[in-house]
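Chains as they are written, first to last, in my numbering: chain A, 1 to 523; chain B, 524 to 1087.
Just so you know, not all the hints are guaranteed correct.
[As the list claims (entries may be wrong)] Straight-line C-alpha distance at most 27 Å; calculated DSSO-like pairs for lysine-lysine: (1) LYS134/A / LYS480/A; (2) LYS910/B / LYS368/A; (3) LYS826/B / LYS240/A; (4) LYS612/B / LYS285/A.
Honestly, the hints are just simulated from the structure, not real lab data.
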Amino acid sequence: MGDSQKGNAKEKDVRLSNIIAAKAVADTIRTSLGPRGMDKMIQKADGEVLITNDGATILSQLQVFHPTAQMLVQVSKSQDIEAGDGTTGVCVIAGAFLSACTSLLTKGIHPTMIAESFKEANQKAEQILMGVAKPVDLAHRDSVLDAVNTCLSSKVVHQNADVLAPIAVDSVLNIIDPNTATNVDLNDIKIVKQVGGTMDDTELVHGLVLEKGAKHTAGGPSKVKDAKVALIQFCVSAPKTDMENNVVVSDYAAMDRLLKEERKYIIELCKKIKKSGCNVLLIQKSILRDAYNDLSLHYLAKLDIMVVTDIERSDVDFIARTMNLQPIAHVDEMSADKLGKCAIAEEVSIAGSTSRVVKMTGIEKMGKTITILMRGSTKLTLDEADRSVHDALCVVRAIVKKRYMIAGGGAPEAEVALKLTEWSKSLTGVRSYCARAFAEALEIIPYTLAENAGLNAIRMVTELRNRHAAGDVYAGINVKKGCISNMWDEHVVQPLLVSTSEISLSTECVGMILKIDDLVPVR
Amino acid sequence: RIKPTNETRNNRREQQSVSQSVSQSVMFPSQVMPNIFNAQGGTEDERGERARIASYMGAIAVADLVKTTLGPKGMDKILQPVSGDPNSKVIVTNDGATILRSVPVDNPAAKIIVDVSKTQDSEVGDGTTSVAVLAGEFVREAEKLVMRRIHPQTIIEGWRAAVKVARKALEDVSVDHSADKAAFRRDLVNIAKTTLSSKILNVDKDKFANLAVDAVLRLKGSIDLSMIQIIKKVGGSLRDSYLDEGFILDKQIGVGQPKRIENARIMVANTSMDTDKIKIYGAKVKVDSMSAVASIEQAEKNKMKKKVDKILSHNINVFINRQLIYNYPESLFADAGVMAIEHADFDGIERLALVTGAEILSTFDAVDTAVMGECKLIEEVVIGEDKVIRFSGVPKGEACTIVLRGASSHILDEAERSMHDALCILSQTTRDTRTLLGGGSAEMLMANAVEELAKKTPGKQSLAIEAFAAALRALPTALADNAGFDSSELVTQLRALHYEGKHDLGIDMKTGEVGNMRELNITESFKSKFQMLISAHEAAEMILRVDEIIKQAPRARGGDHPHA
């Protein structure tokens, strides 16, 4: 029949080594799956240490050389882009599929046949998942919150989930119109990280937070009410031309004159700024010349203007949209209509650290953006919290994209495995074999969940199978209690998109790995 | 470096022993031959049997390398760069031309095969593997004949007669549906499906075949594929790919500028938006006061503003520049309510100019004669995580964008190559509208026609013609072998059935039996098959004519050149 393959020894060796390499990657991160999954500590080449539980992050730090191992890393990345969460799961599933393939290949089944059958099974799996999914209303905040809580439960920060989860949900719901939105641009949510305090101090700011404190060297104000904010892209310092220039000084008097002129020039600039009504000045970072100097800071302070410097160019767009202002690139363009207005702009010091941030709230005609001011006791926890919140935001986004939710805790995988096995019995030939292997491979998720939680994995998975066979489609592994229970009742839910994209991405990747029969060195 | 397989190596050893005895009896002893070449310079010289065998071996080895990628059950190869260059990327591919292009080849005959594949790629875009395999098979058959002491020129003569018959057979069996629009579209979809069935896009070939056909039919007979843009975005799966009417630019719109413009009047430019600099090294100004510096700075700013004013005087509402637009001009554009897009790469600019009908400008004095582009709507859309700018309703209705999504960049790259092959072959088919049947049926047909000729031809040439037929039959054999079918059984069955006049029969790759290709809709373009036959024959003939290989010494690097 058309699905067997003779092949030569070398071909088999190449395929086997490809599979082994990819599986090694999957096995590396398998232990970090689920709420009781462990973290990995990664020491980078420059000595920096990273502790994380996020599959995509671990894999992006691994320097894998083998081409197929790299493909697995890539799959995790695309899961990150597509769904944001489930980056570990996608690799674990891909690894399980590959194990299934090894045994199918030894039976002499042709690799393209396996790939085709898997693709078919994948489509069937999506239908099954759709069947057990429940539509979700974004207005119903609690159900979205459950999904985010499930996502955070497997992270380092899970004890702070009750703080972070509402923040994630509210921030997304704030920047979209729940009725019409089909996607969320996460760039509209700015995360500002500050070391100091604890994660519980993390707050959602309906306004703008700048990571840098105001300039105080000349005694400028640090709190301004009814602020009129200008974002300038020109420099408040001595003039400089693009062309090389020399100022020729012939005697001491000329030098004095020069200094005076410089001062006059700067005063002139500051006056123009003040004239527009501006009292908070944000200055974009400049590389080629000083964006400001002591002299200009001094004058600006005298004019009662609060100054924040070193605004990155990449942040300009965000600030402009949030504050509803227009960046000003030349001093003559300064006018009142280009300024953003807010009720209060103040410098806030972060408890437990010396750093300060500038907060602007009560913004007039604020754009659809929001800022999360994230706090944490150390840089490591802060970074991990950042990643976890990103995942949480992605979960909300996944729900916005596809407004369905399914149960978590291995319930969907167990259900798909069961239904697919039933379906495979209706098939004949190699297809049936492959579909069955596909179904069995999916049980890796509940199995790993139980294993990582220190439960008796085999007993758990078989019991789960039983419950599903009895028609309890929402039964999943309750990691906290160590038993099988209804996941909807436990509020363990996840977006449908995460599961479907996990399965389809890993199927696609496995299909590609299978089809490779040779490794050709090239220049 | 290509290494001959064990089997061929053994052959080679036998042949070498044969050739040694031949050369000793026929040729002069080597001492008598004057040393014409500067041996110290590293020039190498191989002649007679040795040269022949070296070139045959090289050609066959290269062809065998890509043989396993042939057909719908063909396998992929990983191309792994061995150099330490961290930027070099791993490629996973099934495309013969890509593999052959990347493999370092030293053997001159092997290079000919690689070149043939490249030619096929540029001429028709598809069939790059088939042409290399067929050329390799020709050489393999020729080798056997040469071993039987038949002169290469005799073989060549026989082949020339054979190729004529094969061409005629192809032309006779080809069908042309260009008169009937619906039938022609069906043909195109079938060709696309046949091409894609051997590629990564196989899994969703219905979708992608229709996608490619839609894109090509928009071209209305033009073969300018630059109108079809392919954008790759990691994430989602291949099934999420789609055809977007209009043009997509992967760039950002400037701050504070309108994000959506209807009935846009677009200027496409390639100009530097900072201060115009004097391009003399070391030019500088000398002043004696700070205010003079300030006034120069002001003058520079004014120059920028003047340029922007000039641009705005063209009455545009969209300005797209290949180079950077700095903060100051950007805010000026924002004030004027003009959308300004900076740093659109060269490729993007050229295509934009093409699809919007604009001319790329770099001076802005001729307001009346400058040609602006137009389009109905410009807006931001989100693909995956990225925001891109979409130009829809462009005057050139041909233009469209295929957005490919996939699990990894390897998959996307390979998908792009596959899509490109399909687009190439389809656009070629809109030119030469004849079609053929695939699945090895065209090859079997040619082989039988050639064999008929052999029976009628007296003399040694007949053997060469027979060999030609055998080489043609090697293609369906490889197809079957790759799928794990019993190739000898299938191919002989096919041959018998074709003799009965059942020319629609080929190998059904799903069941592994003989099947009717017309019913299975396995269609190939005439142009591709025809080109494959001609190029492979030419290449094989070229290799066959070789009796001496002179390898010139590599040019010495550094100062001490031996001949200097």
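Structure versus earlier hints, numbers of those that do not hold, lowest first: Of the numbered hints, just 4 does not hold.
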